[in-house]
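Novice: Put chains B and C on the given structure of chain A with help from the hints.
If you read the sequences in order, they're chains A, B and C. Take 86 as the starting number for the first sequence in our numbering and just add one per residue. Take 100 as the starting number for the second sequence in our numbering and just add one per residue. Take 95 as the starting number for the third sequence in our numbering and just add one per residue.
Think about it this way: if two alpha-carbon atoms lie no more than 30 Å apart in a straight line, the pair counts; the simulated DSS-like pairs of lysine-lysine are:
| # | chain 1 | residue 1 | chain 2 | residue 2 |
| --- | --- | --- | --- | --- |
| 1 | B | K443 | A | K246 |
| 2 | A | K288 | B | K342 |
| 3 | A | K248 | B | K368 |
| 4 | A | K246 | B | K449 |
| 5 | B | K187 | B | K197 |
| 6 | B | K443 | C | K158 |
| 7 | B | K176 | B | K197 |
Here are some, though not all, of the chain A residues that point toward chain B, as calculated from beta-carbon distances under 10 Å:
| # | residue |
| --- | --- |
| 8 | P264 |
| 9 | L307 |
| 10 | F308 |
| 11 | I311 |
Here are the simulated distance ranges between beta carbons:
| # | chain 1 | residue 1 | chain 2 | residue 2 | range |
| --- | --- | --- | --- | --- | --- |
| 12 | A | Y177 | B | Y422 | 49 to 59 Å |
| 13 | C | I147 | B | K187 | 48 to 58 Å |
| 14 | A | Y177 | B | I327 | 47 to 57 Å |
| 15 | A | F155 | B | V354 | 16 to 26 Å |
| 16 | C | I147 | B | I445 | 16 to 26 Å |
| 17 | B | Y422 | A | F287 | 38 to 48 Å |
For the record, the hints were derived by calculation from the structure and aren't laboratory data. A virtual CB, placed ideally from N, CA and C, is assigned to each residue, including glycine.
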Amino acid sequence: MPAKSFLAQVFALIRKDVLVELRNKYVLGSVMLFSASTVMIIYFSLLYNNSLNVISAPIWSILFWMVVLFSAVNAVSNSFFRESETQLMNYYFLFSPLVYLSSKIIYNVVYTLALSLVGALIFFIVISNPVKLPFIFLSVMILGSLSYAILFTIMSAIAVKAKSNNTLVAVLGFPILIPMMIFITKVTSAALGSVEHMELAFKNLMLIGALDLMQITLAVILFPYIWRE
Amino acid sequence: MKTEIPNWLQQKWWKYTALLLLFYVLLGGLIVPLGPGIEAVSPISFKQNTDATIIVHGYNTHFSTAGNTQVILKHAKKYFCVNDLMVKDENNLSFPFKFNPDSSDAGNTFDVIVNNNIDGTIALREAITFVRGEKEDSITATQACEPSVGSNLHTGFSFPYREILYESIRNTFYHVPMWFSMMLVLIISLVYSIKFLRTGNRVFDIVASESVIVALLCGVLGLTTGMIWANYTWGSPWPNDPKLNGAAVGVLIYVAYLILRGAIADGVKRARISAVYNIFAIVIYIMFIFIIPRITDSLHPGNGGNPAFSKYDLDSHLRLFFYPAVIGWVLLFCWMVSLRVRLKIIELKKEENE
Amino acid sequence: MNKSTLIAAVFTALFSFSAQASGADDLMRSGLKYPVVVGVLLCIFGGIAVFMIMLERRISKLEK
Chain A
86 MPAKSFLAQV FALIRKDVLV ELRNKYVLGS VMLFSASTVM IIYFSLLYNN
136 SLNVISAPIW SILFWMVVLF SAVNAVSNSF FRESETQLMN YYFLFSPLVY
186 LSSKIIYNVV YTLALSLVGA LIFFIVISNP VKLPFIFLSV MILGSLSYAI
236 LFTIMSAIAV KAKSNNTLVA VLGFPILIPM MIFITKVTSA ALGSVEHMEL
286 AFKNLMLIGA LDLMQITLAV ILFPYIWRE
Chain B
100 MKTEIPNWLQ QKWWKYTALL LLFYVLLGGL IVPLGPGIEA VSPISFKQNT
150 DATIIVHGYN THFSTAGNTQ VILKHAKKYF CVNDLMVKDE NNLSFPFKFN
200 PDSSDAGNTF DVIVNNNIDG TIALREAITF VRGEKEDSIT ATQACEPSVG
250 SNLHTGFSFP YREILYESIR NTFYHVPMWF SMMLVLIISL VYSIKFLRTG
300 NRVFDIVASE SVIVALLCGV LGLTTGMIWA NYTWGSPWPN DPKLNGAAVG
350 VLIYVAYLIL RGAIADGVKR ARISAVYNIF AIVIYIMFIF IIPRITDSLH
400 PGNGGNPAFS KYDLDSHLRL FFYPAVIGWV LLFCWMVSLR VRLKIIELKK
450 EENE
Chain C
95 MNKSTLIAAV FTALFSFSAQ ASGADDLMRS GLKYPVVVGV LLCIFGGIAV
145 FMIMLERRIS KLEK
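If we strip away everything but chain A, and leave its shape as in the complex, we get (with noise of 0.2 Å):
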């Protein structure tokens, strides 16, 4: 293994990830589930409550994002916790740690991102669509994708090497992804308003790019500490 770069490991990780996932399809497909009924839960509510019309931009994002996020701290834990502890060992022993959780990040940031265009999929048949500005829809569902990921990904680290389960993820992650919620959030409806916003929703791009920049820095810094028990 020694001989191969960095890269080339990190793909085979991604690589095992991916071939364990599709091996147990109906794990992804618990996951799709999961998202679809939420949706299919806040359709009713909404439909016998006589709000399905009346629903606000920010309340339309605030939902969707919800959705998306009980669906993603299933998805990433899930990658974490089928790992037997032999594996992890065997991981350890072989590759770097930032081999492992580049490998992490980036395959649950694009499991993560999959999920939100199902979600948002889901969302435009069932509910609504509001969207008006496209690109930064785009653009703040593959930055919040990212949040998400990241921090789900280092919780979940913990978490295992804790010996724990999923709510401790969710217990660990949750407060600290008040902040991102609040820009991902505001971005989104921005992105369903109109074009007057454009500002509003750039400055509040960058803002949650500099706290995935920075979770990312502390992930790279602290993972670490944490691979090695």
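Specialist: Using the frame of chain A, we list chains B and C on its own:
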């Protein structure tokens, strides 16, 4: 492993300083009276061309003992001087007023200003509204005047009288230092978490975790004092205020930290993992509390057009108690941290000897 | 014994001082309610102080 205790933790002088300062703040902060102010003016509005007797209710004022009492109504740059003052007692005075201005004044809200040689100049902003009457008579208009307010200043030693806050201004000595202490103790915890990760010395982990516990105490105390205060001043225990929300998020994060610590049995592993979480959380948290107040309005002084004091006009009498209060509380909480740390170090030593 | 008498004496003195210092010209301070509140608060604070000092002593003893 190095487990000796830093010398300053055992020294007593700063602990007694804390107690002395807090005692001074507690006693002084409660005994010093509130300065004079106008509590209310009734009626709050009246019609043009009606005779009204306007009553001014003062708080801690000295209407009957003071001399040279003047009352002036003011709107923008226009003044009406009041004659025929009738002083009822120290805190109440009244005057008859017939309002017949030129039509431009109708509908305006006037400030009431009282000046005398004991209370100085006190005012109630936007106290009376003059409503337009049915018909404008040919009675001569009330003359505006050029007031020559005596340069009287309030002389007694007192805390400033502020609308909305009133006597509750004393809470400044308790509520605000909680926030300072929480921030300081959290920074101590951050520093020691980093130190722990660099050296692996478990004493540093003890300092970090015990600081978090004390920070939680500060956070909870700050939240409760803030909630009680807000309930009496802004009318709701949870006014969407960034600082209050910041404290609440801090409490959530650090309860999660303690849960994480509780979930791990092994000592060294617990120390390392919780240090990682602590550093990760605190960096994001500090960004949160420094960014959020800049993008939203705050009810706190100095933010978003708040009528309360700002840190720049913190009254000099308040300062005499506020700064000692901050120092005293910070030292007290540091003392608490030091006690807990020393206790844990003893436990650790015992563990190692066994 | 000696210490507790001292503490009690200090608190009685302070209590009477706080009762005296409150002027009667003040709405909040007229009546006996306010001095009682101040006294109770001082007692609570004194309790905390005594507790902390006792803890300090006990831990110092343990360290030796």
